[in-house]
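The chain contents come next:
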Amino acid sequence: MSTNKIKVNFSKYQGKEVAIIKGKIVASGNSSKNVFEMAKKLFPKTASKDIVLLSVPRERFAIYILKK
Amino acid sequence: MEKQIFPYGFELLENKRVIAFPAITIILKKENSLNEFSFLVLIDSGAEFSLFTKSDAELLEIDLQKGEKIHIGGVAGDKFLAFIHPILIRIGNKEFKIKTAFSSRNDTPRILGRNPLFFNFFIIFDHQKQNTIFIPRKVKPFEKLLYS
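Chains V and Y are the protein sequences, given in the same order.
Residue numbers are given in the numbering used here: position 22 of the first sequence equals residue 22, and the series is strictly consecutive.
Residue numbers are given in the numbering used here: position 64 of the second sequence equals residue 64, and the series is strictly consecutive.
Hints are computed from structural coordinates only; laboratory data are not their basis.
It should be emphasised that the depicted structure is a prediction, and the values quoted were computed from it without experimental measurement.
Do not rely on the hints blindly, as some may be mistaken.
Pairs of lysine-lysine, DSS-like flavour, derived with a Cα cap of 25 Å [what the hints assert, rightly or not]: (1) V:Lys-45 / V:Lys-7; (2) Y:Lys-94 / V:Lys-22; (3) Y:Lys-94 / Y:Lys-144; (4) Y:Lys-69 / V:Lys-24; (5) V:Lys-24 / Y:Lys-129; (6) V:Lys-40 / V:Lys-12; (7) V:Lys-5 / V:Lys-22; (8) Y:Lys-99 / V:Lys-49; (9) Y:Lys-29 / V:Lys-22; (10) V:Lys-22 / Y:Lys-129; (11) Y:Lys-66 / Y:Lys-16; (12) Y:Lys-29 / V:Lys-41; (13) V:Lys-7 / Y:Lys-16; (14) Y:Lys-129 / V:Lys-7; (15) Y:Lys-97 / V:Lys-33; (16) V:Lys-45 / Y:Lys-99; (17) Y:Lys-144 / V:Lys-49; (18) Y:Lys-66 / Y:Lys-29.
Just the calculated beta-carbon pair ranges, DEER-fashion [claimed, not checked]: (19) V:Asp-50 / Y:Lys-144: 20 to 30 Å; (20) V:Ala-47 / Y:Pro-141: 17 to 27 Å; (21) Y:Phe-118 / V:Pro-44: 35 to 45 Å; (22) Y:Glu-143 / V:Lys-24: 13 to 23 Å; (23) Y:Asn-131 / V:Lys-49: 35 to 45 Å; (24) Y:Lys-140 / V:Gln-14: 41 to 51 Å.
From the structure, some residues in chain Y lie toward chain V, with a derived Cβ separation under 7 Å [to be verified]: (25) Gln-4; (26) Pro-7; (27) Phe-10; (28) Glu-11; (29) Leu-12; (30) Thr-25; (31) Ile-27; (32) Asp-56; (33) Glu-58; (34) Glu-61; (35) Arg-110.
Quick reminder that beta carbons are idealized off the backbone N, C-alpha and C, glycines included.
All chains, full assembly: derive it from the sequences and hints.
Spelled out as structure tokens, the structure:
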């Protein structure tokens with residue numbers, strides 16, 4: 001599991017789901033399942049838990065307040 | 001003192017601007033499953049509970065619609081449907097069973113909210129050093145320091 005800060009090119013990945021292996025974005029798309037499967041196909045020997053999934057915010061300054 | 005320090009998880013780069021986010025990598029798995037998945041999630045003290053996407057539920061092999069149905073409201077007044085499910089979450093070396101919401105959509109944010117994690121930890125955002133610090137509630141000297 002990576003603990004280093006991931007650098008994300010905002011204009012390129014805005015609103016996208018990305019898969020990260022060893023700090024690098026290796027796949028992107030619109031759903032975590034598809035992106036995970038793409039990453040697994042590219043790096044079949046990588047353990048599933050070493051593929052980190054991130055939702056890149058749609059806006060630079062996101063405020064989330066969720067209530068039932 | 002027992003604590004876990006997580007550097008802010010990611011930075012958005014645009015032109016010469018850099019914005020860092022207090023996000024941490026956590027591991028989720030469905031109870032009784034061997035499949036574990038890692039997510040880099042925003043820690044959001046403004047959110048009552050944690051939220052993951054519809055696609056995350058599919059990845060974890062959770063039957064989304066079998067959960068308790070709830071309506072969630074966002075800051076802009078938008079509403080969407082979500083379903084509550086129990087899940088195992090690992091943060092650093094600690095694992096918990098929590099109830100979390102899975103959205104009926106994929107375009108909703110993935111966040112770690114207050115309930116129930118904020119009951120288990122004191123969570124400090126050190127924005128200057130860009131670290132998020134988790135201190136287990138059972139660390140009584142820290143609680144004493146806070147309230148003395």
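Report the numbers of all earlier hints that the structure fails to satisfy, in ascending order. Violated hints (numbers, rising): 4, 11, 16, 17, 19, 20, 22, 23, 25 and 34; every other hint is consistent with the structure.
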